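Protein sequences, first through last, are from chains A and B.
So the first sequence is numbered by our numbering: it starts at 516 and just counts up by one.
So the second sequence is numbered by our numbering: it starts at 516 and just counts up by one.
Note that these hints are calculated values from the structure, not bench results.
Quantities reported herein were computed from a predicted structural model and do not represent experimental measurements.
Check before you lean on any hint, since a few could be wrong.
[As the list claims (entries may be wrong)] Pairs of lysine-lysine residues, derived as DSS-like cross-links and limited to a Cα-Cα distance of at most 25 angstroms, are as follows:
(1) A/K594 with A/K549
(2) A/K597 with B/K594
(3) A/K594 with B/K594
(4) B/K594 with B/K549
(5) B/K594 with A/K549
(6) B/K597 with A/K594
(7) A/K597 with B/K549
(8) B/K549 with B/K597
(9) A/K597 with B/K597
(10) A/K549 with B/K597
(11) A/K594 with B/K549
(12) A/K597 with A/K549
Here are the chains, one letter per residue:
2 protein chains.
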Amino acid sequence: MSDEQEVPQALVSLRQSIDNIDAALVYMLAERFKCTRLVGELKAASGLPAADRSREEVQISRLRRLADAANLDPVFAEKFLKFIINEVIRHHNEVAATGSSDQ
Amino acid sequence: MSDEQEVPQALVSLRQSIDNIDAALVYMLAERFKCTRLVGELKAASGLPAADRSREEVQISRLRRLADAANLDPVFAEKFLKFIINEVIRHHNEVAATGSSDQ
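Chain A on its own, in the form it takes in the complex (with noise of 0.2 angstroms):
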């Protein structure tokens, strides 16, 4: 299906939404990525430790919630918020000792 021509309009007009959804995402993970280096930073400053899991159990429960609210599989969401601390905890591995693993 590489053929443009083969592909029906409604299909054409969906792959559109998809795009437009993702690049979205792209920014959105870009600003998020700028917090948590924020956080990073503002917690080796203050001597504050890296991890905190109380904050990332509240944090899995209510995107579980928010997943619910916006019939997303809250399997899923807790799944994506995991893929993305891995992302913050290999940025702080990255930048070794002052890193935070704040998700």
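Position chain B relative to chain A; hints supplied.
Relative to chain A, chain B alone:
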């Protein structure tokens, strides 16, 4: 750090931003899955093949460009898209026969 009194105000504010962004991400993702669900139905109704490797390649290179513009790691953007695509495929497997893997 479960005691809110120990958390600096700047950190509280950043966490609020992270929570706001997470809510936006959840609602965006819910909308995206609505689109891919419709794509699946449309493809099945039109007798179009489920997978479309060329579409996926275009999506990945576009997302990497967007990530670059947003100052987000392009490698992460690609990992992110693949993570989402895997979920789309899982959905399609669940609905079995009629599924599509439009990403």
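Numbers of the earlier hints that this structure fails to satisfy, in rising order = none
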